[in-house]
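Engineer: The primary structure of each chain is shown beneath.
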Amino acid sequence: MEHLFSISHLSKSFGSSDKRLVLFENFNLKAAEARVTSIVGPTGCGKTTLLNIIAGIEKPDTGKVEFTSGSGFRTGYMLQDSLLLPWRTLSENAMLGSEIFNKHRVKSSKELDEYFALFDLADSKNSYPAVSSGGMKRRVALIRTLLTEPSLLLLDEPFVDLDFDIRPKIQRRLIRYFEKRNTTIVLVTHDIEDAVALGDIVIVLSEKPTTIKSQIKIELGISRKDPVEARKSPKFRDYFVHIWDELKYLDNND
Amino acid sequence: MTEPKYIRIYQLVPIVLVLVIWELIVRQESQMIFFFGLPSRIAGYFYSKTLDGSLLTDLSVTMTEALTGFILGNLVGTLLGLGLWYSRTAFAISKPYIIALGSAPIFALSPILIIWFGTGIFSKIMIALLSTVFIALFQAYTGASEVSNDYLRLMKTFGATKTQTFRKVVAPSAVVWVISAFKINVGFALLGAFIGEFISSNRGLGHLILVASGLFDISLVLCGVLLLVVIALTLNFAITKIEPPLKRLIVKHL
Chain A
1 MEHLFSISHL
11 SKSFGSSDKR
21 LVLFENFNLK
31 AAEARVTSIV
41 GPTGCGKTTL
51 LNIIAGIEKP
61 DTGKVEFTSG
71 SGFRTGYMLQ
81 DSLLLPWRTL
91 SENAMLGSEI
101 FNKHRVKSSK
111 ELDEYFALFD
121 LADSKNSYPA
131 VSSGGMKRRV
141 ALIRTLLTEP
151 SLLLLDEPFV
161 DLDFDIRPKI
171 QRRLIRYFEK
181 RNTTIVLVTH
191 DIEDAVALGD
201 IVIVLSEKPT
211 TIKSQIKIEL
221 GISRKDPVEA
231 RKSPKFRDYF
241 VHIWDELKYL
251 DNND
Chain B
1 MTEPKYIRIY
11 QLVPIVLVLV
21 IWELIVRQES
31 QMIFFFGLPS
41 RIAGYFYSKT
51 LDGSLLTDLS
61 VTMTEALTGF
71 ILGNLVGTLL
81 GLGLWYSRTA
91 FAISKPYIIA
101 LGSAPIFALS
111 PILIIWFGTG
121 IFSKIMIALL
131 STVFIALFQA
141 YTGASEVSND
151 YLRLMKTFGA
161 TKTQTFRKVV
171 APSAVVWVIS
181 AFKINVGFAL
191 LGAFIGEFIS
201 SNRGLGHLIL
211 VASGLFDISL
221 VLCGVLLLVV
231 IALTLNFAIT
241 KIEPPLKRLI
251 VKHL
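So the protein sequences, as listed, match chains A and B.
If you're matching positions, the first sequence starts at 1 in our numbering and goes up one per residue.
If you're matching positions, the second sequence starts at 1 in our numbering and goes up one per residue.
Here chain B stands alone, though its shape is the one from the complex:
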């Protein structure tokens, strides 16, 4: 659905208003900047840190961690979840573990993962992976098992094998569930990378925010947060873009 052009313009009004009021109020009282930061100073940091290249490094490090963990977690989870459709017994056995691990706060394990996998980029990828994989698994399995019995009966009338049924009916109808897992997981992957950096790192937006908050530099913290939001929006946008071709691919070639 496309909105009329004036809506887009009006959508900018609240944010501009907030920024202007924020700026004006904080400028009245010099102590306020300690608590609330200053929009113009956020922009200043953005400019100077882009020029010296550090912002781009932090951004790309966090993006790499989150994206790699996101892709691996979703890939592994989706394949396992769809694979479980083949065997009811395997699913019945693994179900309590999947539910337990899926509801466990993986982030609480982050310190252990840092110890296991080091303070580098790899441990963050693992945190992001583990915090996405169970959601992807559960969504994919649910999608596969929610396939209408009528369609399965239809496939039986054609004498379809289990693999044919999987390719023609199960996989295409699970796509919606898999995509929705992607959407949920954008946030979790990013949070995983961020928490890993927050615990121990020397680069990345989590590191930037940790250091800035240690210095009580609220403007710099907000600058980092803003970039996290940018990553999340970019990934979400990318998912909406790959959704239709992914669907077509599965329908046409499976």
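With the rest of the complex left out, here is chain A:
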């Protein structure tokens, strides 16, 4: 499997010299092409900073991120908050990213309609964010990122606002969509179930200074990637327990 990007000898710290918060020191990571890489880790271990660095929003202190693909490569980054602009309708919000990428080519309304239908938002195209639920805003933020047609998609807790009934449905559609397009996904999440159900590989990060604690290949034995089927798989629980133990979310005393 080809590597789409690799991070080598990364270090990053915040704060002044006397109160330095070291996040990464000599951190290395390789992400495989056309794969979903889930990243889980304890709170404050620098998951979001890692995505920021991959996306090029933040500069690492040392080390570098290298991309193997050449032309037409585009990173899409979905932030942890939906961040819809309140003065735009939902459909206008969805267009924001593609407006910036293609100054002249505005997405056809047909394409936009398809996306809104795909995410069960067809009736709310012209609503404003102020009257929309958190889950709706989250889906619009997702469409906004998808419309930029990224080859590498960085997702930071993308499903947090989605209610449980709609979450697997959205995930299933998302995975099918990306399989068609050979998009590589890096998914950062707190939710171990999501990480296992969606990821081909789950990377467990340690407390800071952050290193990779373990890389777990997920093989659930189902032919097609399906987050719903994945959850039903008998192996699902084993992976869940394994990652839970790795993470030690809870102290032994609790």
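Check the hints yourself; a few may be wrong.
As a list, the in silico DSBU-like pairs of lysine-lysine whose alpha-carbon atoms are at most 35 Å apart [to be verified]:
#  : chain 1 : residue 1 : chain 2 : residue 2
1  : A       : Lys64     : B       : Lys162
2  : A       : Lys208    : A       : Lys59
3  : B       : Lys156    : A       : Lys213
4  : A       : Lys125    : A       : Lys137
5  : B       : Lys156    : A       : Lys137
6  : B       : Lys5      : A       : Lys59
7  : A       : Lys217    : A       : Lys248
8  : B       : Lys162    : A       : Lys19
9  : A       : Lys125    : B       : Lys252
10 : B       : Lys156    : A       : Lys208
11 : B       : Lys156    : A       : Lys59
12 : B       : Lys5      : B       : Lys156
13 : B       : Lys5      : B       : Lys162
14 : A       : Lys137    : A       : Lys208
15 : A       : Lys180    : B       : Lys252
16 : B       : Lys183    : A       : Lys137
17 : A       : Lys125    : B       : Lys95
18 : B       : Lys95     : A       : Lys19
19 : B       : Lys156    : B       : Lys247
20 : B       : Lys162    : A       : Lys59
21 : A       : Lys30     : A       : Lys169
So these bits of chain A aren't anywhere near chain B, every CB distance computed over 12 Å [as the list claims (entries may be wrong)]:
#  : residue
22 : His9
23 : Glu114
24 : Glu219
25 : Asp245
Using C-beta positions, here's what the derived DEER-type ranges look like [what the hints assert, rightly or not]:
#  : chain 1 : residue 1 : chain 2 : residue 2 : range
26 : B       : Val176    : A       : His190    : 29 to 39 Å
27 : B       : Tyr86     : A       : Lys235    : 47 to 57 Å
28 : B       : Thr161    : A       : Ala32     : 27 to 37 Å
To be clear, the hints were calculated from the coordinates, so they are not data collected in a lab.
Just so it is clear, the structure is predicted and the values come from calculations on it, not from any experiment.
Note that beta-carbon positions come from the ideal geometry of N, C-alpha and C, so glycine has one too.
Following the hints, put chain B in place on chain A, whose structure we already have.
Structural biologist: Coordinates of chain B only, in the frame set by chain A:
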């Protein structure tokens, strides 16, 4: 929000009551008219001066001065204020001057402006302009710099240029601040035109009020004041009317 019809009718009650009591009391004592004027005489002036055309001339002169100064002052101030968003250094250098000039009573400079720009309409426009421009500048800059960092980060994830960020996020979110500058400035522009006329002029409502108070004709003074109020209300009403289309214009076409 629309009020029920009876509220509108009841709203008229206090003013009618005041006018009737005023009229009745002043009619008891003929000396009182010297101090307080007479509602019926105000109406009489209004009627006769409208017929001979002088009231319309005064009204339109003051309106022209105030409106021209208002538009130019807000335009220049808003453009400069938004422009300063582009350069933190430029803002840092100009900040003390903006604050000093913004808090200086520009009206105190009116006599000098009359000397510089003559006793005609131009000097009044300049007074109105100068008394509005710094408020517009400060509001526009504040609006632009108060844009949430999250939105700026969002624009970064799409790789937006500074100009794109300005058009898509900064300008639309500064609109509210700019509009509120308009509302504050209606009063200042009108006051600027009025003070200019009061110092030196041969036309306008300021001139009318100056002459009438020289003659101790309180009713005529109040007639002029009433028309100033009418101008202020008209401008305020116009601003509430242009607010929604202005917002739409900025969101759609920037």
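Engineer: With reference to the structure, classify each hint as holding or not holding.
Structural biologist: Here is how each hint holds up against the structure:
1. A:Lys64 to B:Lys162: With Cα atoms ~25 Å apart, lysine 64 of chain A and lysine 162 of chain B stay inside 35 Å; holds.
2. A:Lys208 to A:Lys59: Roughly 18 Å separates the two Cα atoms, so the pair holds.
3. B:Lys156 to A:Lys213: Holds. Lysine 156 of chain B to lysine 213 of chain A sits at ~31 Å (cutoff 35 Å).
4. A:Lys125 to A:Lys137: holds, 11 Å
5. B:Lys156 to A:Lys137: Status holds; Cα separation ~19 Å.
6. B:Lys5 to A:Lys59: violated, 63 Å
7. A:Lys217 to A:Lys248: Cα-Cα ~19 Å, so holds.
8. B:Lys162 to A:Lys19: The given pair, whose Cα atoms are some 33 Å apart, holds under the 35 Å limit.
9. A:Lys125 to B:Lys252: holds, 16 Å
10. B:Lys156 to A:Lys208: holds, 26 Å
11. B:Lys156 to A:Lys59: holds, 13 Å
12. B:Lys5 to B:Lys156: violated, 51 Å
13. B:Lys5 to B:Lys162: Measuring from Cα to Cα gives roughly 50 Å; hence the hint is violated.
14. A:Lys137 to A:Lys208: holds, 32 Å
15. A:Lys180 to B:Lys252: Distance of about 33 Å is within 35 Å: holds.
16. B:Lys183 to A:Lys137: Satisfied, since the Cα-Cα distance of roughly 33 Å is no more than 35 Å.
17. A:Lys125 to B:Lys95: Since the Cα atoms of lysine 125 of chain A and lysine 95 of chain B sit roughly 43 Å apart, the hinted pair is violated (cutoff 35 Å).
18. B:Lys95 to A:Lys19: holds, 33 Å
19. B:Lys156 to B:Lys247: holds, 24 Å
20. B:Lys162 to A:Lys59: holds, 19 Å
21. A:Lys30 to A:Lys169: Holds - the C-alpha atoms of lysine 169 of chain A and lysine 30 of chain A are around 29 Å apart, at most 35 Å.
22. His9: holds, 25 Å
23. Glu114: Consistent with the label, glutamate 114 of chain A stays out of reach of chain B, its closest Cβ about 21 Å off (over 12 Å).
24. Glu219: At roughly 33 Å from the nearest Cβ of chain B, glutamate 219 of chain A sits farther out than 12 Å, so the non-interface label holds.
25. Asp245: holds, 34 Å
26. B:Val176 to A:His190: 29 to 39 Å: holds, 36 Å
27. B:Tyr86 to A:Lys235: 47 to 57 Å: About 56 Å separates the Cβ atoms of tyrosine 86 of chain B and lysine 235 of chain A, which means 47 to 57 Å holds.
28. B:Thr161 to A:Ala32: 27 to 37 Å: Holds, at about 32 Å.
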